[in-house]
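Generate the whole structure from the sequences, applying the supplied hints.
Residue numbers (the working numbering), protein chains in the order written: chain A, 14 to 348; chain B, 14 to 348.
Just to be clear, a hint being listed does not mean it is correct.
[Said to hold, decoys possible] EDC-like mimics (lysine to aspartate or glutamate), calculated; alpha carbons at most 20 Å apart, straight line:
1) B:Lys199 <-> A:Glu76
2) A:Lys91 <-> A:Asp49
3) A:Lys209 <-> A:Glu196
4) A:Lys91 <-> A:Glu76
5) A:Lys199 <-> B:Asp81
6) B:Lys199 <-> A:Glu160
7) B:Lys91 <-> B:Asp24
8) A:Lys91 <-> A:Asp81
9) B:Lys89 <-> B:Glu105
10) B:Lys91 <-> B:Asp49
11) A:Lys91 <-> A:Asp24
12) A:Lys89 <-> A:Glu109
13) A:Lys89 <-> A:Asp49
14) B:Lys199 <-> B:Glu217
15) B:Lys199 <-> A:Asp81
16) B:Lys209 <-> B:Asp81
17) A:Lys199 <-> B:Glu82
18) A:Lys199 <-> B:Glu160
Worth flagging that the hints you see were computed from the coordinates, not collected in a lab.
Protein chains: 2
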Amino acid sequence: MRIALDAFGSDARPEPELGALELALAAGIPIDLVGDHSRLRDLLQLRNLSESGRDLRLIHASEQISMDESPARAVKAKPDASLNVAIRQLAEGEVEAVVSAGNSGAILAAALFGLGRIDGVDRPAILTRFPHFDGTTVVLDVGANVECRPLNLVQFAVLGAVFATLEHGLVRPRVAVLSNGSEPGKGTALTRMTAKLLAAHPSESFEFIGYVEPGDLFSGVCDVAVTDGWTGNLVLKAAEGALAVWPRLLGSHPDFRGSRTSVAMLAEQLDPDAHGGAPLIGVDGTVIICHGAASSQALYNAIALARRSATRGLADAVRQAIATHRPLFDAARRP
Amino acid sequence: MRIALDAFGSDARPEPELGALELALAAGIPIDLVGDHSRLRDLLQLRNLSESGRDLRLIHASEQISMDESPARAVKAKPDASLNVAIRQLAEGEVEAVVSAGNSGAILAAALFGLGRIDGVDRPAILTRFPHFDGTTVVLDVGANVECRPLNLVQFAVLGAVFATLEHGLVRPRVAVLSNGSEPGKGTALTRMTAKLLAAHPSESFEFIGYVEPGDLFSGVCDVAVTDGWTGNLVLKAAEGALAVWPRLLGSHPDFRGSRTSVAMLAEQLDPDAHGGAPLIGVDGTVIICHGAASSQALYNAIALARRSATRGLADAVRQAIATHRPLFDAARRP
Chain A
14 MRIALDAFGS DARPEPELGA LELALAAGIP IDLVGDHSRL RDLLQLRNLS ESGRDLRLIH
74 ASEQISMDES PARAVKAKPD ASLNVAIRQL AEGEVEAVVS AGNSGAILAA ALFGLGRIDG
134 VDRPAILTRF PHFDGTTVVL DVGANVECRP LNLVQFAVLG AVFATLEHGL VRPRVAVLSN
194 GSEPGKGTAL TRMTAKLLAA HPSESFEFIG YVEPGDLFSG VCDVAVTDGW TGNLVLKAAE
254 GALAVWPRLL GSHPDFRGSR TSVAMLAEQL DPDAHGGAPL IGVDGTVIIC HGAASSQALY
314 NAIALARRSA TRGLADAVRQ AIATHRPLFD AARRP
Chain B
14 MRIALDAFGS DARPEPELGA LELALAAGIP IDLVGDHSRL RDLLQLRNLS ESGRDLRLIH
74 ASEQISMDES PARAVKAKPD ASLNVAIRQL AEGEVEAVVS AGNSGAILAA ALFGLGRIDG
134 VDRPAILTRF PHFDGTTVVL DVGANVECRP LNLVQFAVLG AVFATLEHGL VRPRVAVLSN
194 GSEPGKGTAL TRMTAKLLAA HPSESFEFIG YVEPGDLFSG VCDVAVTDGW TGNLVLKAAE
254 GALAVWPRLL GSHPDFRGSR TSVAMLAEQL DPDAHGGAPL IGVDGTVIIC HGAASSQALY
314 NAIALARRSA TRGLADAVRQ AIATHRPLFD AARRP
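And the structure:
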């Protein structure tokens, strides 16, 4: 059960990735580290690490994709970019999953190009989790698809429920549509049609509970919330921005000077990104996206999530759920 | 300089409104309290208050609009609702501004119906403010218009800049378009066209700085951010939900047991709604919307904001700015 780690994804690459590698090796997770071979070999030497064949393999990739490149163009123009090579390792069955902290648009493009979608999936989604006082809420899509149609959102409901069941052990997760109010008349044409379809086609694998508002993502009212990638991305970034205000304010407040460690621990506990990155769900393989600013610990958490997802058979579970819910998707495809 | 206070707006009406009334009277702000006369008279007596003619007038309104009514229908079906009567007081020049914690859709409908729009304004917007470590960011629209076109967003830029100048004393506020990334290629057709129009028509009264992401609303990067009412509403609710996670978590954490008062003060300081409510900007008169769960202090802050806005001539400043920016709006109207 090997994981491919894109060594040149994060903003501070490859240092955070090397730190994550050490954590993974210590936890007994075999890694294919993908990037410039000679550079990585030198850096590993400084950390008293070396390619072992079994636990750690270095997979050479001569190029890198940077954050400011056009994602689809860069993926096509640089077949030997570390991201592309990592995806190729997965496509060829050399590893069970890929973790990258690179440009999320590029990861999406590379995965679509190199792995393809699971049969029946119209659009893969980026899934994130809001950890909170009463548990964890799964939210998707948070950025893969700026524009969506009802078919996409009902598929996100199915995909999100599969993830909540596999990763959080929920038997029949409560699924909701993210909206600007809880009454059925609220929302947009997209959310109203999605809610209508989900209500008309009850699923055995999840319970549809209607609309939730963004505040409910922190309350435990639902286990999964679906939305288009524009709204999900802005809601995620607003939440991250708001969550980060508190530690700053507490850090400068005389009453909390002695509590910096506790505050930092709470901040990490609430950080959606620190909990294992964001799976790209719906592509034919396990791919986990991390934040460009991810720490070694966050990257390691993503590696651990990748391993759990692969062990538990996320892609196969998605394949099966997509097949089971065909009547719902057929209804969504009808004009 | 009188303010009309809808006594039957908030979820716990009229108690929070009566508390706000006491604060306003103590601060020397004359109030028209609008609602059921006999009921209000009895409740005022319990607080040792009475109608004085000058400081406090009771304005009878026999009906109320509730949160779960269809806004536009309720406003038309109940001409004697406290909200409608308060708006009428403003339309007839009896007061300078209206404050209500009622259904925001109903407040919008009542204001459009009773006051109309300022000449040249296509769609009024609900404006809110994100207070943060480095200042305050004005955001609009946060809920009046679920669907918007570029004309609306460029008008929101002008309206928001007027507010930032009048209320925050900024000479040439920095205005941005809310997006999912800072690069010009990001966003939607709506945000890209809005950015293009604002860049092509520089304004003397504000500086257009391009895209910001929701995290920037807490960083002081811009003074005003414009977006459609769907995105703005969800971003606001996500931020409010995330901000409220911290006090809960700190309250249950042993290291912070002794700091409850400080935590509560910081929470109030960060609460967008506590800072004076949300002006409905672009209608022909000063109308401030408060949260249904607003406290007496939050309602009083809205009354104080209403008085400042009226004193400083918000509606006239908007009228003038709308006239000055006509070329920008004409360009936005072109197909």
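**Non-conforming hints, listed in increasing numerical order** = 1, 12, 14 and 16
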